[in-house]
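K.L.:
Spelled out, the chains give:
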Amino acid sequence: MKPLALHPDRLLPADPGTRTIARELFELVDKLPIISPHGHVPAEWLADNLPFTDPTSLLLTPDHYTNRMLHSAAGVELEELGVGVGGPLDADASRRAFRLLCENWHVFRGTPVQTWFESVFHDVFGIRVRPGAESADLIHDTIAERLADPAYRPRALYERFRIETLATTDDPCSDLAAHRKLREDPTWKGRVVPTFRPDAYLEPARSDWRDLTRALGRAADVDIVDYPSHLEAMRRRRAHFKELGAVSTDHSHVDATCERLGEAQVATLFARALAGTITWSDSQLLRAHMLNDQAALAVQDGLVMTLHPAVARNHDSSASTRYGADVGADVPTSVEFTRSLRPMLDAYGNSDGFHLVVFTMDETVYSRELAPLAGWYRGLFIGAPWWFIDETDAIMRYRRSVTGYAGFAKTSGFIDDTRAFCSIPVRHDVSRRVDCAFLAGLVAEHRLAMDEAAETAVALVTTQPKKVFKL
Amino acid sequence: MKPLALHPDRLLPADPGTRTIARELFELVDKLPIISPHGHVPAEWLADNLPFTDPTSLLLTPDHYTNRMLHSAAGVELEELGVGVGGPLDADASRRAFRLLCENWHVFRGTPVQTWFESVFHDVFGIRVRPGAESADLIHDTIAERLADPAYRPRALYERFRIETLATTDDPCSDLAAHRKLREDPTWKGRVVPTFRPDAYLEPARSDWRDLTRALGRAADVDIVDYPSHLEAMRRRRAHFKELGAVSTDHSHVDATCERLGEAQVATLFARALAGTITWSDSQLLRAHMLNDQAALAVQDGLVMTLHPAVARNHDSSASTRYGADVGADVPTSVEFTRSLRPMLDAYGNSDGFHLVVFTMDETVYSRELAPLAGWYRGLFIGAPWWFIDETDAIMRYRRSVTGYAGFAKTSGFIDDTRAFCSIPVRHDVSRRVDCAFLAGLVAEHRLAMDEAAETAVALVTTQPKKVFKL
Amino acid sequence: MKPLALHPDRLLPADPGTRTIARELFELVDKLPIISPHGHVPAEWLADNLPFTDPTSLLLTPDHYTNRMLHSAAGVELEELGVGVGGPLDADASRRAFRLLCENWHVFRGTPVQTWFESVFHDVFGIRVRPGAESADLIHDTIAERLADPAYRPRALYERFRIETLATTDDPCSDLAAHRKLREDPTWKGRVVPTFRPDAYLEPARSDWRDLTRALGRAADVDIVDYPSHLEAMRRRRAHFKELGAVSTDHSHVDATCERLGEAQVATLFARALAGTITWSDSQLLRAHMLNDQAALAVQDGLVMTLHPAVARNHDSSASTRYGADVGADVPTSVEFTRSLRPMLDAYGNSDGFHLVVFTMDETVYSRELAPLAGWYRGLFIGAPWWFIDETDAIMRYRRSVTGYAGFAKTSGFIDDTRAFCSIPVRHDVSRRVDCAFLAGLVAEHRLAMDEAAETAVALVTTQPKKVFKL
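Which chain is which? The protein sequence lines are Z, G and R, in order. So that you can map any letter, position 209 of the first sequence is 213 in my numbering, and since no number is skipped, the others follow by simple counting. So that you can map any letter, position 240 of the second sequence is 244 in my numbering, and since no number is skipped, the others follow by simple counting. So that you can map any letter, position 425 of the third sequence is 429 in my numbering, and since no number is skipped, the others follow by simple counting.
So here's chain Z without its partners, still in its complex pose:
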């Protein structure tokens, strides 16, 4: 078995002079608390604080970054990793899944999955051997043993990870019971906030849209008979979320189109939607209007709006039939923001308190559209690279693409967007290291003074995300 060690200078630039600067910057931010304003860890974990059942359910099953590569490059079936199994795995099944991970460890070379797991194994679970066929059982069983220890319960990890704020992502109809439980628990000192995610409710051509709308009406105690009552229901549910700590709403549709339609047209389209007779193209149009109205609501209630359009969901239909959504078969497409967001930005882009954070998996928009837009509109912030591009090289490309015309002040701060709880520290660590590497490059090339770089490095993980997400 080969030893596993984490080099203190990992991800820092190879040039010795630049590395020295980067290390000095990184030391300033290394131990600072984690602000995670968007993610997918279940609030229940922290509310209930139950021990994690087994290594696979905690580390493999929910992590589609890992699943997808094992599926594509190693021929593994997702069931073997616990996906779709519907519950914790027994020790044998969990151990078998770990063998699949470790035996195929080479497929992760150079990927962030390697970086994340090496850190999770080493720093969270104290593993000191590199994953491989011969170390699989040892790694699995060590983790399994640790999980029985109270120090590995969710709340203990939350504290050990130095998490200051953690956001979940929630259905507008959710009663947010776990969030309420946490709020009412005097022993809980952390901050877990819900996020309002109304995507499905804004797609009138969905086959389940009328059911969803009825549910929304019930949750909001509003009889949704027309567009104004729909909007009122949205307003109430947003208020409910805000009451329980929410600071943002999250939106992902097939594109970023916004529209301000006339009242009469909206009434007609909404009536057709309620009647179940709306066409697909009219549905797109109505959704563009509804999305725009989420911005109007945001101006009123102050919730930050995050947007990450342009993904072909469930690209592999047999996978989605077999396992449902969110198993890793979503694939980005190109995206357009300059024209699409114009109605929203033109109306609200400089409004007091309006914050719109735009994420993309299409890197071409960083220098072409997002930096120029964020360099003009006060409310627009460029989201950090996430999902598919939340790794070392892409984060570096992001800084190199947006800094010229949006500086640091119009960027969101890092977003981990993860279901993989234990990987939260390393994901933020990677981002901090790369930001320090980027800043160190500016200093080494005499483009920025060291004191300016130091202030910026700290701001990017403290004041900046707090300002952008109103924390």
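What the hints contain is simulated information worked out from the structure, not anything from laboratory work. These figures come from a predicted structure and were not determined experimentally. One or more hints might be untrue.
Note that identical chains are pooled: a pair holds if it fits in a single copy or bridges any two copies.
Lysine-lysine pairs mimicking DSSO-like chemistry, simulated, CA-CA at most 30 angstroms apart [to be verified]:
1) LYS471 with LYS6
2) LYS246 with LYS185
3) LYS6 with LYS470
4) LYS6 with LYS35
5) LYS6 with LYS193
Got chain Z; can you put chains G and R on it based on the hints?
P.N.:
Just chains G and R now, with coordinates in the frame of chain Z:
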């Protein structure tokens, strides 16, 4: 107050070996004259040679790079920077604007605005303190004092900046009085040339197009009653510009589409345009034909054609209502050249003396479209990164994207495209440094011999722009 | 005359620490055999093993990378390089062409053409002077002399180049006589395999499509009267190719669209195609279905499918009139894969033995579409950068773009895709050097252990292309 110094190796590569090479290359070009074949400095400044009135009117008001970041990241209103005020500012207003710049200096970290101002302050005005709340008045007042000195009049600066050629951008109907005045002034030894910019006259659906066309006819002494007479008017105005030194025409439309329509169709569309009944889509079609005919005229009169399409102008409608055009709320969109330019390139791309310089803010076309096109067509040159991407990292990306398939010989040389007169030296300095950094990388990796790199570095700021712009 | 030398560390990173690692990695792969699973060298050269006639016909005429730059940047006409001349050149004409190359050597600075020629001259022909006006004749005549030597016959070079497998590209109707001849020649120990390229046969709106279809029917001994008989003819010709060693089929259309149409619609469209009455848009639709069926056939016969869409062929119509196709006037366009390939990937993407290798000249799809797709679908591999982007910087960008979400295991291995036989070694050498440079960067930044990098470097030129292309 912190000291302000410019490191001699700024923007050169951090790796010590590569930096040594880069420095050696940069020394060859550091002091060479500036060729600026496209920009927006008013010819009147040089013709009249009046002292600049105040620091803000000279350095802040016309510079939308600075305005837009102060607007978006610091909440400044453009009026506070003198925009739309319609004249020079009094000392207090000018000082207040400088305070806004200096107090918010941190928003420019890592942006070219920081680089440019640091150099302008240090090298042009002898400032030795870093901008900040506490140094704002000192910086402002030092500059104000300098501006009263004859050494800071436009012509003195022109000489001190070692400008060899400076192009302005002008309306086709302009009498170019300032250019004529300069030509007739025996004490003026510089070279300021006009540029023919007919955009508005090629957009028949514009509400002011018929007025513009009448004005064009008057200026050209042609009765514009049909397309041939329109073309004749264009021909005459181009000749007028050429007579007064113009070497190029400049074109920016919503896309790069060119068309060669049939004569009858053109006659019909043009008649509708004159009648004020042309539709928007017919207007686009006619514009594509008219743009193509500008290339036909270029083959005849030898004026170089520059093209920089694909910007959503006046994206923020309230800003354009309040301040008019060109305040910084223009935002790029993606662009397509391979198909769009085919009619023009197929007809004129290899014609004797036809030069087309294409600029883009959509970096994706560099390796995909522009380098392959310029690698085939003799008349096509790839414009340097400008406007939104005229900064260190983007210039480096440009060289890395186009050199493989278009070499250096098919690139335009640097274009500063600026209204900020005092920033011309530093903008060229940045470009020279980055080109030397790129060349040094090639030498360090043994991809180019040192003598080849040295020749190339010099050519890029001397023979290359002269060849491309026929200077 | 300046000396010509190849630095042993060429293309390796400038940073000394990283270079040392890169050199160590490169030594592991430097001398390994060449696997070339896609290219354009005529099989006849190896089958007949005749001496090459003259330096220009061997080195310049077939190399459109060189031709196009001489055309665009040096004003050379392609005839002067032997294009369209229809046969070997006499010594004078060949010498004149070399003078054009050498006198204009500066236009290739920083391009891969410079790298390739320097290596071909130095390593293949023992030239020790740098190309230039004064060395042109010497270089030409030295090469001409060498070509008379049996050591420079095709088979001798094939062995000297350490080629293990070389693929040609062939028309579906080809009898593959040269391939058969090689197979039946007991003295031939190499491996030259044909590739099935049916593009023209899948474009029903082409003016020659009915002739092609008749020829296909004759070659397959099938009476093509409807779509099923067309498919049967395809199946038989693919089998014929496979019999003679083919491992792959190659496809390039204007886009990547795939469709699964209904049987009745296909029958109607195909009948119109046979009748010569199909419209252009119906032809596109039918082609999308036919391309999809090539995947269906691939699942049956196991031939690997390579796809490289989105090029505007013969962009310069006067050049194609004068010289025919493939002279260098093809220009890439943007491409879309996520939606276009969905029908094919959804149906076959995880099927046993289905391999689809996708190439692009639009680099934006690497991180946005191809890495995410290849990170999910088992049969999808990301083709190495080729044609227009097969040079140092682009290869590095490729690795930086795809490794994060597809690792190394879902990449194709290097493809030289060349007609320039003598440049095969240096093209693979460049790729190996850049891959080692990339891996060395990962090691230097502690993102990968040295033993992992070493294994990966070797795999990328041995097991990986063998696996992907089933060699």
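K.L.:
Hints numbered earlier in the text: which of these fail when held up against the supplied structure?
P.N.:
Hint check: 5 fails alone, others pass.
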